[in-house]
Amino acid sequence: MNILQGDWVSRPLGSYRLQLVASPDYLASHGTPTTPSDLANHACLHHKFPSTGKLEPWPLKTVDGKPDQESSSVMVCNTSSALLDVALAGLGIASLPDFMVRQSIEQGKLISILDAHIEHEGTFRPVWPSSKHLAPKVRVFIDFMVETLFRS
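According to full-length UniProt numbering, the sequence shown is numbered sequentially starting from 1.
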């Protein structure tokens with residue numbers, strides 16, 4: 001556990017990777033990209049941060065500090081769940097956290113692509129007010145997150 005500024009507490013719950021995913025139908029119709037430069041010929045679905053209005057960069061490896069490939073947007077969503085729905089509907093390729101797409105990949109509804117070109121890994125850290133005793137509902141939520149999102 002880490003104490004943050006202002007008496008807030010944070011705890012790392014688990015690591016995640018961003019993955020580029022598309023539906024089997026989309027890939028059957030448009031082909032499967034084998035290099036980041038192939039993305040220029042695909043429908044790229046992007047996430048926009050609602051708080052800043054900026055597009056989330058895709059997790060492609062960089063060359064000299066620049067993205068390996070700048071992808072163009074055909075659709076922009078401001079929530080990851082909407083982005084997942086659009087990818088499942090076969091409308092393009094999306095960048096989403098592995099914990100969001102794991103089940104869809106296991107069920108064959110999505111296919112992960114360009115894995116060798118991805119370099120993003122992050123840590124999921126909830127933040128809550130510091131107190132002597134952790135509220136039971138916070139404890140239950142944290143346990144749920146660990147069991148559900150970060151299972152092996």
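No lab work stands behind these hints, which were simulated from the structure alone.
Even glycine gets a Cβ: it sits at the ideal position worked out from N, Cα and C.
Just to be clear, a hint being listed does not mean it is correct.
To be verified - Simulated restraints, written as ranges between beta carbons of each label pair:
hint: 1; residue 1: S29; residue 2: V76; range: 20 to 30 Å
hint: 2; residue 1: A40; residue 2: W128; range: 12 to 22 Å
hint: 3; residue 1: P129; residue 2: T32; range: 38 to 48 Å
hint: 4; residue 1: L13; residue 2: D85; range: 18 to 28 Å
hint: 5; residue 1: P57; residue 2: S15; range: 15 to 25 Å
hint: 6; residue 1: N41; residue 2: R139; range: 42 to 52 Å
hint: 7; residue 1: N41; residue 2: H133; range: 23 to 33 Å
hint: 8; residue 1: K132; residue 2: M75; range: 25 to 35 Å
Against the structure, test the hints numbered earlier, and report the numbers of the ones violated in rising order.
2, 7 and 8
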